[in-house]
Each structure stands twice: as structure tokens, then as C-alpha cells.
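Chains A and B, in that order, are what the protein sequence lines are.
Numbered per the working numbering, the first sequence spans residues 1 to 195.
Numbered per the working numbering, the second sequence spans residues 196 to 427.
Beta-carbon label-pair distances, calculated as ranges:
| hint | chain 1 | residue 1 | chain 2 | residue 2 | range |
| --- | --- | --- | --- | --- | --- |
| 1 | B | LEU249 | A | THR174 | 47 to 57 Å |
| 2 | B | ARG237 | A | GLU54 | 32 to 42 Å |
| 3 | B | LEU239 | A | ASP78 | 26 to 36 Å |
Please keep in mind that the hints were generated in silico from the structure rather than gathered at the bench.
We put the beta carbon where it would ideally sit given N, CA and C, even for glycine.
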Amino acid sequence: MTALPFSLVASVDQEEMPDLITRLRQGEREAIELAYVEHHASIRGFARRLVGDETAAEDIVHETFVTLPRAIRRFRGDGSLRSFLIGVAANHSRRFVRSAIRRRRATERLAERDATLPTTIDATEELVRRRMADRLSRALDELPLDQRIVFVLVEVEQRTSVEVARIVEAPEGTVRTRLFHAKRKLREILGEADA
Amino acid sequence: MSKLDASIAALRADGEGDHPTLAAATRSRVRTSLTRRAKSRRRLVQSSLVASVLLVSTFSWAWSTGRISFRSTPEPVIAPEPIVVPPPPAPTPRVRSAPEPTFPPPVVAPEPPPVVVDKPRPAPRPATLPTPTEQLYRKAHDLHFRGSDPAGALAAWDAYLAAESSGRFAIEARYNRGLLLARLGRYALARAALAPYSAGEVSNGYRRTEARAIIERLDQIAPVNEAPTSGD
Numbered sequence: 001m002t003a004l005p006f007s008l009v010a011s012v013d014q015e016e017m018p019d020l021i022t023r024l025r026q027g028e029r030e031a032i033e034l035a036y037v038e039h040h041a042s043i044r045g046f047a048r049r050l051v052g053d054e055t056a057a058e059d060i061v062h063e064t065f066v067t068l069p070r071a072i073r074r075f076r077g078d079g080s081l082r083s084f085l086i087g088v089a090a091n092h093s094r095r096f097v098r099s100a101i102r103r104r105r106a107t108e109r110l111a112e113r114d115a116t117l118p119t120t121i122d123a124t125e126e127l128v129r130r131r132m133a134d135r136l137s138r139a140l141d142e143l144p145l146d147q148r149i150v151f152v153l154v155e156v157e158q159r160t161s162v163e164v165a166r167i168v169e170a171p172e173g174t175v176r177t178r179l180f181h182a183k184r185k186l187r188e189i190l191g192e193a194d195a
Numbered sequence: 196m197s198k199l200d201a202s203i204a205a206l207r208a209d210g211e212g213d214h215p216t217l218a219a220a221t222r223s224r225v226r227t228s229l230t231r232r233a234k235s236r237r238r239l240v241q242s243s244l245v246a247s248v249l250l251v252s253t254f255s256w257a258w259s260t261g262r263i264s265f266r267s268t269p270e271p272v273i274a275p276e277p278i279v280v281p282p283p284p285a286p287t288p289r290v291r292s293a294p295e296p297t298f299p300p301p302v303v304a305p306e307p308p309p310v311v312v313d314k315p316r317p318a319p320r321p322a323t324l325p326t327p328t329e330q331l332y333r334k335a336h337d338l339h340f341r342g343s344d345p346a347g348a349l350a351a352w353d354a355y356l357a358a359e360s361s362g363r364f365a366i367e368a369r370y371n372r373g374l375l376l377a378r379l380g381r382y383a384l385a386r387a388a389l390a391p392y393s394a395g396e397v398s399n400g401y402r403r404t405e406a407r408a409i410i411e412r413l414d415q416i417a418p419v420n421e422a423p424t425s426g427d
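Model the full structure from these sequences, guided by the hints.
Quick look at the structure:
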């Protein structure tokens, strides 16, 4: 299956009703629910890729929409609401990333302790993919959060650096620099892992 | 495809897909959190409102009853009444009995300088019932300045001081009490009552000049070693 690039998906919601923003600014519950219905899948996908943990990702989605009435005051309308929501989610992700890292490390320690137990080798495509994703998530744990967010947005979600610059509220050059350092470090980590 | 690219593709696919159960659960969680936040915000507004009302009403009450004031107002200054000391009796031959108090001719205490109040008087307070101590003060004040019964005025000042020994008008009350004691011929007590004022120990020299003049006059009338009169 070929995924639609996220930048194209994001452009769809440019057509959203301007009054939704107004209603969100007024803190209308129905408007928040509407925004949730429209955008939760994107936020959840980004959060899962960023933290590599289902529980933490749900926490980020929850926090994003609960704090939306206050956060929407910063929305200037120069980008899509979806991009703005991803920026909000990225801002909330810091503590959830930490908790996801702790959880992942605890799981690894547990796995090492139980390494003597017989395991069934399941080499299905899904399992291989899952393992590769887990390995990248563990490698991402070694990056600073700013680099991690930029890497996920640009490389994994295939957003343009212009859009990412708007989401993370940083200059485009900074985004490219963060991405460069992130990729270099990830190659090192994955190379070491392969060795 | 490099390892990194393969891992990126795997992670990309990891975030895809519908999660209807999770989505519904989180949506419900968001709804609950929003309700809870709205409730707590409403509660905060209500408690703030109640606190504000309490604060304003307490302040108004304290302001109207004179328990607080915005600026430091000087002690109320009331022009003292001239002291009229009863004239001494005609000289009589010395007897061995206890010496009778001598009454010099009426002495008029020096007039205090006119008091100039620089600051405007505070706005009239809303009509409220005076407190019991205020009533005692008013009664003593009226008896002192408008009555003709020094003993009654003295008793009224004593009653006020018993009720509010360190109240707003206590300094003035003690001074007026000293004047009445002198007027009643109880010189030793009058001297004792006015001594702190004469020494400038009361409220940065309140009535210092007047008290000193009165004590000097009392010294002339009845020296310090004079035995106290009855009742002292």
C-alpha cells in the first residue's frame, strides 16, 4: 500500500470552516469534539511514531484536545488546523516521551531476564516490520526531543521542511540542521546495532 | 534500501491504521476531562466571587465602624477647657490637724495654640449605631465640655478607659481626666496623671506644653510633699 504523503493530506483540511476556529476559541465543547473527529487519527499517528508507545500516544492525543481551547489562542491561521494540532501534540510530548522511554527500557530488562525461556520464532512480515519499528523507536530514544520531532515529521510522516518549520515554530534552516544531526546519529546507532 | 530507510518505512506503517476502540476511549476521556475542567473552573469562579464579596463587605464594615482608615490621621484634638481651680479659703490660724488644701485664686491655664488640621476631614461615614465604647466616649466628652459636674465627667472618663484602655481616644481621655482631677482639687492624682504628658512621653509630646504649665501651677498651689487630699 502506498501511503499518501502527509503534506497532501494536510492540505485537505485547508477547506475547514473558519467558524470552527472561532468556536474553538470560544471554548465550545461541540467544536472540540468536531476537531477531534476530524483530526484525531493524524494526531494519534504522529504521537505513536514519535513515542513508539500506544499508551503514551493516547495520553498525548488526550492532552492535545483537552488543552485545545487555550492553545487555539496562539493559532494565527497561517497554516492548517491539523498542522497546528500536531505542533500542540509535539509540545505536550516531552514528558510522555520520557515515560515511554522508561517503559521501553523496563520492558527490555524484563525481556533480557526472560531470555532463557523458549521463544517461538515467527518470521512473518508483520513481526519483522514491528521489530524494525521498535528498533528505530529505541534509537530515537537516544536523540534530543527537538531532533526526534523533526525526524518523525520529515522522514517518517514525509512533511515538507517548510511545514515542519511552521509546526515546530523554528526557522527552516534549523529544521534541516536538526534533521541532518538526527539522521547521522541514527545511522550510527543502527549500524552499531547491526554490528 | 538502507537499514534506516527500512526502519523508517516500518515506523511509518506502525502509526497507520484505524484504532476505533482507542479513538472512542480517548474521545470519551477528553469529554470527561473537559467537563471536569469546566466544573472546577466554575467552582473557582464561584469561590473567588464569594471571597470577593466577603472581603468587600468586611472592608466596608470595618471602614464604616472606623476600625480601619486609609491614611494616618492625627489624634483627635479637642480644645481644652480652661482650668478653673477653686480659690483658697481665707487664712486661718494654724492648727495641728491635717492641713486643709489651699485654694488659690482661679487659674486660667494657658490657651493652647489653635489647631490647624492640614488634611481634609474624611468623608462623613454612613450613619451607623455607635459602638458601646463610642457611646461611653461621647458621654464623657459631653459631660467634660458641656456639663457642670466634674466628678460625673471624671467617672465617665474612667468608665470609658475601663472599657477601652488603649482605644483611639485613650490618650485624650487620660489627659482630660488629669484636668478634672486638678479641678476637683485632687492635686497629687492630677500631677500623676499629667506627668507623662508633661514629660513628653505620650504620643510624641501630646499636650506637653499645657500639661507642664498646669503641673507648674499645681506645684505653686500645692507643693509635691503636700499630703494628698481625701479621696487621693
